[in-house]
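Chemist: Please construct the entire structure, taking both the sequences and the accompanying hints into account.
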Amino acid sequence: MHQSKCIVCKCKLKVRQRRPVNKHLRKYLRKTFLIESSESDFICGKCSRPAYRQAPSPVLHQASLQNGGQESTCSAGSPPSVRLRVQTASKSHVYCFICKKPGPKLIVVPQQLRTEVFVKHNILITAHSRCCPCHLDFSLSQFHPDTLFC
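Per our numbering: the sequence shown = residues 1 to 150.
What the hints contain is simulated information worked out from the structure, not anything from laboratory work. None of these values were measured; they are calculated from a predicted model. Be aware that one or more of the hints could be misleading.
[Claimed, not checked] FRET-style restraints, in silico, Cβ to Cβ:
{"hint": "1", "residue 1": "S141", "residue 2": "G103", "range": "17 to 25 Å"}
{"hint": "2", "residue 1": "G103", "residue 2": "G77", "range": "45 to 53 Å"}
{"hint": "3", "residue 1": "K46", "residue 2": "R85", "range": "38 to 46 Å"}
{"hint": "4", "residue 1": "V119", "residue 2": "P80", "range": "26 to 34 Å"}
[Claimed, not checked] Listed below are the simulated DSS-like cross-link pairs for lysine-lysine, each with C-alpha atoms no more than 30 Å apart in a straight line:
{"hint": "5", "residue 1": "K23", "residue 2": "K12"}
{"hint": "6", "residue 1": "K23", "residue 2": "K46"}
{"hint": "7", "residue 1": "K27", "residue 2": "K10"}
{"hint": "8", "residue 1": "K31", "residue 2": "K14"}
Beta carbons: idealized from backbone N, C-alpha and C, even for Gly.
Modeler: Structure representation (structure tokens):
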């Protein structure tokens, strides 16, 4: 049985440890270690990490504006995450999310009312949140004005 070895450190590689040598790695190996490699060669994870660290960051595109001829650069990527500043109500079935009192007669806030509060007040009320019946005005299907968000 043929055992593959890393072309840099010559250690034996199990099947899961084998990383095929791509174009970027070949260029890195040629420049750094003066090693000529082929597509059938493998490299271990330990030896391939420095190559990926030195890889160029996302490509910047040059864009020239017609107004005044100013040039600007735009990155071609998006951030990995976006932080939203949205308040959330507690997610408890046991306590009222407004007054924090426990009670056996808590009711689930209707979907329409949760959406309205989110749009008007930027407060997210989850589907499992409950509140006391005294905080809701059932005739108008809204919260009492003095209870929550005013």
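Chemist: List, from low to high, the hint numbers that the structure doesn't satisfy.
Modeler: Violated: none.
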